[in-house]
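K.L.:
Each chain, written out:
Protein chains: 2
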Amino acid sequence: MTVEAHEVIARRSREIDAELARTLPTDGVPEQLRAPMEYAIFSGGKRLRPIMMLEMCAGLGGDERQALPFACALEMVHTYSLIHDDLPCMDNDDYRRGKPTVHRVFGEALAVLAGDALLTHAFWIVASARATERLRVEVAQELARASGPAGMVGGQVLDMQLSPDRDGDFVLTTHRMKTAAMFSAAVRIGALVAGANEAVLGLVSRFGDMFGLCYQIRDDLLDFTKARERFNYARAVGANEARSMLREFCDTAYGLLRVIPMNESFFLKLMEELFGGYD
Amino acid sequence: MTVEAHEVIARRSREIDAELARTLPTDGVPEQLRAPMEYAIFSGGKRLRPIMMLEMCAGLGGDERQALPFACALEMVHTYSLIHDDLPCMDNDDYRRGKPTVHRVFGEALAVLAGDALLTHAFWIVASARATERLRVEVAQELARASGPAGMVGGQVLDMQLSPDRDGDFVLTTHRMKTAAMFSAAVRIGALVAGANEAVLGLVSRFGDMFGLCYQIRDDLLDFTKARERFNYARAVGANEARSMLREFCDTAYGLLRVIPMNESFFLKLMEELFGGYD
Chain A
1 MTVEAHEVIA
11 RRSREIDAEL
21 ARTLPTDGVP
31 EQLRAPMEYA
41 IFSGGKRLRP
51 IMMLEMCAGL
61 GGDERQALPF
71 ACALEMVHTY
81 SLIHDDLPCM
91 DNDDYRRGKP
101 TVHRVFGEAL
111 AVLAGDALLT
121 HAFWIVASAR
131 ATERLRVEVA
141 QELARASGPA
151 GMVGGQVLDM
161 QLSPDRDGDF
171 VLTTHRMKTA
181 AMFSAAVRIG
191 ALVAGANEAV
201 LGLVSRFGDM
211 FGLCYQIRDD
221 LLDFTKARER
231 FNYARAVGAN
241 EARSMLREFC
251 DTAYGLLRVI
261 PMNESFFLKL
271 MEELFGGYD
Chain B
1 MTVEAHEVIA
11 RRSREIDAEL
21 ARTLPTDGVP
31 EQLRAPMEYA
41 IFSGGKRLRP
51 IMMLEMCAGL
61 GGDERQALPF
71 ACALEMVHTY
81 SLIHDDLPCM
91 DNDDYRRGKP
101 TVHRVFGEAL
111 AVLAGDALLT
121 HAFWIVASAR
131 ATERLRVEVA
141 QELARASGPA
151 GMVGGQVLDM
161 QLSPDRDGDF
171 VLTTHRMKTA
181 AMFSAAVRIG
191 ALVAGANEAV
201 LGLVSRFGDM
211 FGLCYQIRDD
221 LLDFTKARER
231 FNYARAVGAN
241 EARSMLREFC
251 DTAYGLLRVI
261 PMNESFFLKL
271 MEELFGGYD
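Here the protein sequences come in this chain order: A and B. Residues in the first sequence are numbered consecutively from 1, following my numbering. Residues in the second sequence are numbered consecutively from 1, following my numbering.
Since the hints were made in silico from the structure, they are not lab data.
One copy or two, it doesn't matter: identical chains are merged, so the pair holds either way.
In silico SDA-like pairs for lysine to any residue, Cα to Cα no more than 25 Å straight-line: (1) 46 x 254; (2) 46 x 10; (3) 99 x 44; (4) 46 x 215.
Keep in mind that this is a model prediction, so the values were computed, not measured.
Generate the whole structure from the sequences, applying the supplied hints.
P.N.:
Encoded structure:
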């Protein structure tokens, strides 16, 4: 990553972490619940989705400070999904980012409840943000749609059905719902805060979708290289075809960035860093 | 229950069930996820909380049809909490209302995800209801506060800590957070839809809190009579003291109903049916 993009990410992460610390609930929350919520939120996430929200808002000329509570809400929803995905009845992961998963440290019951609490609190933050009521309602709709039964949760259900008899299209649908919907919501909410019109929102949505697919296929290719056993897009269509689709989605994303009326320099650098190796 | 109250409950249940069927998500939702959501929602719940919401709205002169989507959202949140409470890592219940629990029918992973989906979709319904943006924001705040880390989820964490060395006050705090907060939200949201002022909302909140405590202590007394092993309020303070507190909370609730400027006949009948035996 160029020094500039790195600097933006470092600065934005600090802003987001400070706001997360400020907006995690305290009053009336049992310490036994607050501890796993805090542990999960501060266990080394890259804050990619909230950073993209702030940068989309700023790139479109909006006041990204107004997006900060919404960025935290999105990160809380993302974090809850990781806690629940890691549970023994789901992926049964003992470690995430090198640290023991929430259920390994606090037990399964508190992991379920800490996830539930983060999800619920995210909507409290959205509903209580300093913003017009219209904006709060729109953001709540975005967040609920992207993370709900036709978005992230639905995608996780499809993910559980991935097996070698599934084709590439099924895997792409899974990635769209489980991963891309949240990236799309991130940049859409940034655009909503900036007051973008419907035409721009449409382009921003498609950019988020393409970015999310690239992000997940890249992950699948890395997994494939490491010869892990999990079925994914690279296994479904082969590494060459996956690389070719990644390039195609990247090209579409670059094309969208060119037509969105914004300062797109951060996103160009971010994509170069994440996906440049597949050019 | 007098025939009248019974009739109100039967009619309201049908209204709520019809609206639940209409508002459960379909578009883009994997069938494997929709099935456990539907199973949980339509497994014989009494719909007490949403009925109280509608009746509080109507009793205060509001249009209860406007409260119907919010009533469904509240019932979805209540239902998700039952699914997660029943999980093996929590209460490990095989049956609820005589039917196998969601995880017994669909497996643990889908039970976790169906709960997550119902919670998320509830906020989508609130944010998308036909109502002013202000009302949608207020209802989202109420629902998130009542069901979140300082409400229902926090109460479930305290519930996990109930043991014979806990005193009555600890059990009451647990009941307030886990149970009464949602009853309070139910009647508060009904009052918000009816356009109640802050003074009335304050009284309505306290009524919901008292009603919720009565409801839970009655449950504790029934459990105690059946000599179940679970630690509860009746075990903490003894059955006589629990009965006496139930009467006291009931009296306070009746007193609140008298001063709330509303047609309180439904609530009088409901309380007589539920708590009359403890007079």
